[in-house]
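Protein chains: 2
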Amino acid sequence: VEELSGQSRAMSAPEREEIASIVGDAHLLISPGDLAPYARDAVEGLESFPSAVARPRTTVEVSRLLAFCNQRGIPVTPQAGRTGLSGGAVPLFGGLGLSLERMDTILEVDTRNLVAVVEAGVLTQRLHEAVGEHGLRYPPDPSSRGSCTIGGNVAENAGGPHSARYGVTGRWVLGLEAVLASGEVIVTGGKTRKDVAGYDLTALLVGSEGTLAVVTKAWLRLVHEPASVAVIVAPFPTLEQAADAVVALHSQGLVPAACEFVDRASLEVSARRKGISVPFPEAEARLIVEFDGGDDAEVERDVTRAGEIALEGGALDVLLATDPPRRRALWELRSGIGEAVRDLGPSAELDLAVPRTALAQLVRGVRRIAEEAGLRAVSFGHAADGNVHVHLYREGSAAPDLFQRTTTALYAHAVSLGGTVTGEHGVGVTSRAHLHLQRSPAYLAVLRAIKEALDPRGILNPGKLLPESPAPLR
Amino acid sequence: VEELSGQSRAMSAPEREEIASIVGDAHLLISPGDLAPYARDAVEGLESFPSAVARPRTTVEVSRLLAFCNQRGIPVTPQAGRTGLSGGAVPLFGGLGLSLERMDTILEVDTRNLVAVVEAGVLTQRLHEAVGEHGLRYPPDPSSRGSCTIGGNVAENAGGPHSARYGVTGRWVLGLEAVLASGEVIVTGGKTRKDVAGYDLTALLVGSEGTLAVVTKAWLRLVHEPASVAVIVAPFPTLEQAADAVVALHSQGLVPAACEFVDRASLEVSARRKGISVPFPEAEARLIVEFDGGDDAEVERDVTRAGEIALEGGALDVLLATDPPRRRALWELRSGIGEAVRDLGPSAELDLAVPRTALAQLVRGVRRIAEEAGLRAVSFGHAADGNVHVHLYREGSAAPDLFQRTTTALYAHAVSLGGTVTGEHGVGVTSRAHLHLQRSPAYLAVLRAIKEALDPRGILNPGKLLPESPAPLR
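Chains as they are written, first to last, in the working numbering: chain A, 1 to 474; chain B, 1 to 474.
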């Protein structure tokens, strides 16, 4: 990031006044103290201050802000909950931080069409609760759901444990209202469930990380809460047995609602932090598998079969949790890993994904590569999706270039298994330099061509997603 | 279409020789007799001959063909099963018809990752059978599945009855190999289930109707065949009651695998053609609702509940079909409608979709508008998705502009209900002039900008999807 800092765009007093005239003085932040929270997201050690932050309340205000910044060439970094793990919300080039936190109205929960209409700044957890009151569910559940927003989830195409059965954010988005770099507003869909009238701009904007448009509103599909839920935990002596069991579960026709993988090291740090002792501490890997369904019999059938498959695959035991408190405790242990590993020391975090059958190879390779570099690695994540979060760390200090060299080797390893450099966290800053390992020059040229078509002046979230010098499109 | 015919691009003898040198003489068609099948798809009265048709066998051949045509400015119309209902495969500007019919290899059915890898020319039905041998299912089931191909389904983002539960083609595509206008080949994904490394080009290409790239290969997700399936048929005295029952089923938490709507007129023509007499001929509308699940008990539970809801909603009866022959007969009656209505006389076909709750309003409006124009309308389709196919006809002759005026009014009616001018058939030629009813100038400008970014010379499927003169992107 250092090489970019000299290019940071400051704003003149008249520019700030113009922006204040759009959002109101109270919603233009300029003091270093006010700006500090907007200089970071959840990526360790990455900080870059915006010159100012605007907090618009309406789509019209967003439109006027973008039209003005586009005209003046002011970089705009859209900001949501700033919980991202790829640096997507960090204003690398200064300019304007555009926080949608005040656009946080749940406009409608349409229980007849099973659609929620929300402003982009709505906290994901708040939407979960609002639709839950109607017995409904918005399935995407990133672990930051208490502080991330729908707009951020759309920008990153966020996942979560339940994407095993329910898919990631994009599957639930029926339509978006978004503001283009020019300030023009487009609406890409609505409550209609099937629509092939033109290129699928909804899908193009989902996961575009704020580089093509600023999403201001979303139409989201909902489902009914399942009538019955149960979770099993299966500890395995070896990593390979756990990974094989994941493949066996799915290839024998079961569809878990969630199917999480936790290695020994990651469970240890989470359990230690929470002061819990876990059974079978010697197990190298654990699966946490959730089933849901229309009644208890259906779930019991699936849980029983899953337990049999796990035991046939060498599980040391299969522990069942049907009551909500036990299920909650299990999930807290799992979701606590992300935070706990950050206490371990200087670290780097990766978000690798591979075909489900390559899970064991991925994790084994991660260990070997880390070990050879004198680093330690914990691995955990969404096994059904082949999506593994790797936390690479060293007790005590470590040269930054050691992390850099090692992460490059890990990215290359995932790609060599047919995988991706990012399964759900986004490219942002952290994976941008490695995108070429996975994507061909022709592919990257298409990304650049689309970016230039939609944001010709390059004001939207500069420095994110796109590698710096792709080959021009022929 | 008439206004375009003068612009048809013929090919010179040296150009034809160059193309023959790529695909081999046997696979370059030039005689009128050979070309005739490639001048049409399933749209009545729309015919335009290509100057030649090439039938490549490999992606390398497709790449060389496109590079050559791009250099010479020869229009290329990608062709799949030519079963489309929007004219997408008709070579409006002459030039080269690019038929992928020889690229029809099922490369792999990966039962451990639940992924099929297929060339674009594989017939959809053949894929169904191939994965069926492993107890697996590729869910998208357009009614033309016996003659359409995966490449065509991807290009149109095809739906079908089972998209009620399983979604349309796009949901099942994990990755594509595609050839850009320049001849460059990109791969957008593979067997990895979660991937946010760059804009979602898979989703952008799905439904792009061959205007952005030529899809040559696809990685498709599979699921296990359900262990149990049952279908109920519920005749209703009125349209409104049937439509309300669709909303009630879903808002009470049921998720039918399919939920089809058939009005009286469309059932009559299909039954007459098949020589079947149906019970409750006086019913204005029928729902055909399929449930599937992991065992009989689960399906019985859902069917029972659905039957109760239908009867509470005024159904005259609820007929159950669990055995395969009866289920097949029912589906044949339903899928026969499309063909049967074409025998009725001069006609126009629309593919409207609205929010589920607007279904009754849509169909009522369709009848009123048709009646006022002195035309008749039959309506049938995918009720769960609010997707209704309208077949507009007149016994005896009718002025073409009467159909044109009336279809415009019908499109506007669907849009006024929050709907779309095409739910699953694609824009192609037939809905292109009406896209502006639904999409704003800013939206259309984005489509045009993307098209220009990926196909700057405009060789790929010209005259399709994009309205002629969108406003330039600012």
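Don't read these hints as lab results, they were simulated from the structure. Positions of the beta carbon are idealized from the N, C-alpha and C atoms, including for glycine. Please note that a few of the clues may not be correct.
Anything over 12 angstroms on all C-beta distances counts as not near chain B; from chain A, calculated [unchecked claim]:
no., residue
1, GLU18
2, LEU205
3, ARG305
4, GLU332
What follows is a list of derived Cβ distance ranges for each label pair [to be verified]:
no., chain 1, residue 1, chain 2, residue 2, range
5, A, PRO441, B, GLY24, 48 to 58 angstroms
6, A, GLY73, B, SER440, 21 to 31 angstroms
7, B, PRO324, A, LEU344, 15 to 25 angstroms
8, A, PRO441, B, ARG102, 25 to 35 angstroms
9, A, ALA409, B, ALA329, 53 to 63 angstroms
10, B, ASP34, A, ALA433, 44 to 54 angstroms
11, A, ALA409, B, ALA297, 49 to 59 angstroms
Hint-by-hint comparison with the structure:
no., hint, verdict
1, GLU18, "holds, 19 angstroms"
2, LEU205, "violated, 9 angstroms"
3, ARG305, "violated, 9 angstroms"
4, GLU332, "holds, 23 angstroms"
5, PRO441(A) / GLY24(B): 48 to 58 angstroms, "violated, 30 angstroms"
6, GLY73(A) / SER440(B): 21 to 31 angstroms, "holds, 26 angstroms"
7, PRO324(B) / LEU344(A): 15 to 25 angstroms, "violated, 58 angstroms"
8, PRO441(A) / ARG102(B): 25 to 35 angstroms, "holds, 29 angstroms"
9, ALA409(A) / ALA329(B): 53 to 63 angstroms, "holds, 60 angstroms"
10, ASP34(B) / ALA433(A): 44 to 54 angstroms, "holds, 52 angstroms"
11, ALA409(A) / ALA297(B): 49 to 59 angstroms, "holds, 51 angstroms"
Checked against the numbered hints given earlier, this structure breaks hints 2, 3, 5, 7; the rest are met.
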